[in-house]
Amino acid sequence: MSKVIAVLKREYLEVVRKKSFIIMTILGPFLMAALMFLPMLLVTRGLEEKHVVVVDGTGRLAAVFSGGDETEGRAEERLDLPGAARQARRTPGSLALRTEYVASTGDPRAAAQPYLDRMLGKHGEVKLDGVLVVAADAFSNPDAELTYYSRAATDFVTQERLAGMVNRAVSRGRLAAKGIDAAEADQLLRRLKLEPVKLTRTGEEKKGGELGFLVAFVFVALLMIPNIIYGQEVMRGIVAEKSERVMEILISSMPSMSLLSGKILGLAAVGLTQIGIWMAMGALLAGYAGAGLAMSGFDPSQFLSVGIIPAFFVFYVLGYLIYVCVYAVAGAISNSEKEAQQFMGPLIMVMMIPWFLAMPIISNPESTLAIVFSLIPVFTPITMFMRIVVSEPPFWQVLLSVALSLGTIVVMLWATAKIFRVGILSYGKRPTAAELWRWLRVA
Amino acid sequence: MPDETVLRVERVTKTFGPVRAVDDLSFAVAAGTITGLLGRNGAGKTTTLRMINGIFLPDTGRIELLGAADVAAVRDRVGYLPEERGLYRKMKVIEHLLFLAEIKGQPLPRARQRAERWLERFELADKRTARVEELSKGNQQKVQIIGALLHDPELVILDEPLSGLDPVNVVLVRGILQELRASGKTVLLSTHMMGEAEKTVDDIVLIHRGTAVLAGGLDEVRAAHGTDTVHLAFEGDGAFLTTLPGVARARLDTNAAELELRPGACTQELLAAAMERLRILRFEVAAPSLEQIFIDKVGGGTPSEPAAGAAEVRR
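Going down the list, the protein sequences come from chains A and B.
If you count by this note's numbering, then the first sequence holds residues 1 to 443, one letter each, in order.
If you count by this note's numbering, then the second sequence holds residues 1 to 315, one letter each, in order.
Chain A extracted, bound-state conformation (with noise of 0.2 Å):
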C-alpha cells in the first residue's frame, strides 16, 4: 500500500508542477465559456445584420415592412422555432434585421429578378443576404407560398422570423375580410406564452429549462473533457516510462497492479484537483454575480439542485476509472505516443458517444434511448449523470448503474493490469495471445 501511495503522490506532483496544468487550470473555465457561448452568440447574431428585401405580389404588406428595423413580435414566435434556431434564441440579444420593401403589381417572381441577381453580386452593388417573395394570391389562396431566396438556405432564424411577420399580416388580412377589426384581430392572433416547470418528486417546481440545458452541458463536459486528459497524461506517462527505461525498477520494486493503481490515483486526484478549483472559481464567480442576479429574480436553485455536485464526483470517479484503463492498455502495448493514439482513434470515437448523444438525452432524458444507454456498462456513468441533471431516473437504476461501472471497473482493471505486465516490458513487439494467456494466469 505504501508503495501505491508513493507512486500516487510522484504522478500528482509531476502532474500539478507543470506549467500547462497551471495555465489549464486557470484558464479552463474561460476557454469552455468561451466554447459553449460563441457559437450561440454568432448563430443569433449572425455576426452583422441581415438585408433582405421583401417582393410582395399583393401589394398590401407595406406597414409591415415599413419599420426597416423589426423587433416585435419576437415573443410570439419563439415556439415556431425548431429545435436547432430555438437553441440559438436562447442568447439574449436580438436578430438584426433590415429590410427593404418592394410592392409588385406583376409577377413577383419577374419583379424579383434584379434583386436576386443584386444578392448574387451580378452588379457589384451593396450586399443583399436574401429575397423574399410573396406570392400574389396570399390573401385569398390557402395554398399561396413564400419563397424565401438566398446563398445559403440554412439561415433559419431569419426565414421563421420573416415567416412570423409576413403569416401574421396574412391573418389579419384574412380576418380583416371577414368584418373583424384590426384590434380585435390582434386580439384573438395573440399567442399563449408556455412556460416549462419541472416538478421534481418533492414536490418542488423548478423554472429555468433553458438554463438548466446549458448547465446540463456544462456538467457533462466537466465530466468528460478532464476524463480525456488525464486518460491521455496516464497513457503518455506508461509510454515515458517505457521509453525512459524507467519500467525495468518500478516493475521490479511492485506487483504490476500496485504500479497501475498507484498512477491511476495519482491522476484522478489531479483531475479532482483541477475540477474543485474550477468550482471554487464558479462559485466566487456566482458569488460576486449572485447579488446581482438575486435582484433581477435569478435564482440559481431553480435549474440547479445541491444533489448533482456529490452525484458529480461518484460519477466523475466511476466515468474515469472505466476511461483510464483503457488508455493504460493503449500505453502498455504500444512503443510511442504516436503508436498509442492510432491505437486510441477508433476507441474514442466509441467512448464519445455519450457526447454525441447528450442532446436527444439531455432533451429526453426518460425515453428509451436515454434509459438504455445509461445502463449501458462503458456508457452508464456519463449518461445516468446527465439524466440525473435534467430529470430524476428511478433510483434503481442509479443503484444498477453504479453497480454495473463498479463491475465493469473490477474487470477492466484486473485485465489491464494484466495486459499492462506483458506489455509494458515487450520493447518492439506485440505480446502474442499465447503470451498473454500465460501472464493473465500467472502474473
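Misleading hints may appear alongside valid ones.
[To be verified] Below, a list of computed lysine to any residue pairs in the SDA-like style, where the Cα atoms sit at most 20 Å apart:
#1 A:18 to B:131
#2 A:19 to B:89
#3 B:127 to B:137
#4 A:3 to B:94
#5 A:3 to B:107
#6 A:9 to B:89
#7 A:127 to A:101
#8 A:9 to B:126
#9 A:3 to B:273
#10 A:9 to B:88
#11 A:19 to B:133
#12 A:178 to A:142
#13 A:18 to B:134
#14 B:92 to B:57
#15 A:3 to B:76
#16 A:19 to B:90
#17 A:3 to B:109
#18 A:9 to B:111
#19 A:9 to B:107
Think of the hints as simulated: they come from the structure by calculation, not from any bench.
For chain A, the structure is supplied; the task is to place chain B on it using the hints.
Using the frame of chain A, we list chain B on its own:
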C-alpha cells in the same frame, strides 16, 4: 556467512519466439561474494538478470532467491541496476532517490539520511537538487547505482555497472562493491569486460548462448587452466614473439603479450630472447588471464549469431 546460497538458478530456459535466450542455465551465488556473470553480448546475461528480478518469467526451471521461490516475496531485499538505465528525467536527484527508496518500502526519514550519505560518497552532493536530465550520463548512472543500494539490500544485482563510467568512478564503484562484500552483502554483476571482472569479482559464471560453460572461484578457474602462461609488458615491436620456439600460442597487444608455452619450454630462454630485441617492463609466469580463458571457452571463431543478439530483447 560464507557457503550460504542466496541465489540458486536451476535449469532455467527462456525463449522469445524462435530465439532461445537462456537455455537450461544453472548456477548458484554464495552469500558474501561478488559474483560476475560473464559472457559476450547477447549471451543471455540480461535476460537471466531480468528473470531473477521477476521481470520475465522463466519458461521452465526455477529460481530461488534469498530462500524464497517467489521473487515477489523478497523484492525489497534486492537492489537492481538494470542494463536499460532509466530515471524520470524531470525529477530532482534527491526526490528521485527518495522515490526509489519508497517503492522499496523504506520509511522516508531514513531514506533521506541514507540518500544524503550516498550522494556524498558518490561526489554528487552538489547535484542533489539538480534535475536528472541536467546530469551527465556518468552521473545519472551513479544516481541509479545509489538507487540500487539505498534500501540496504542483502543482494545487489548490477547489470554492467561499470560501463560508461570514467576510470575514477570505476575505482570508486569497485571500492564500494568491496565494502558491500565486507559488510556481508552479496553482489551479482554482469559484464563482458574480462579485465574489469578480473579486478572485481570473487566467483565467475561464464555463460555462452544462454548456458553456463564455466563456473567457480576466479582463482580456481584460472589455476585449472594451468600456470604455463607468460605475461609480458614491453617497449618495442613484439611481433617476433609469436614465432619464438617454445611458444604454443600467443596473443599480442600493443606493448603487451600473453604467451602460452609448450610443455617443457624454458621461460629463461624465452626471456633472454625477448630481452635481445625489446625493453622488458614486466615478465610474469602465471595462469592465463580471464580474457584468454574466456576466448578459449567461447571461441573467438563463432561470433554471436544474430539470433543470440536478438535474445536480449529490447527496443
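Among all the numbered hints in the text so far, which are the ones the structure does not match? Per hint list: 8, 9 and 14 violated.
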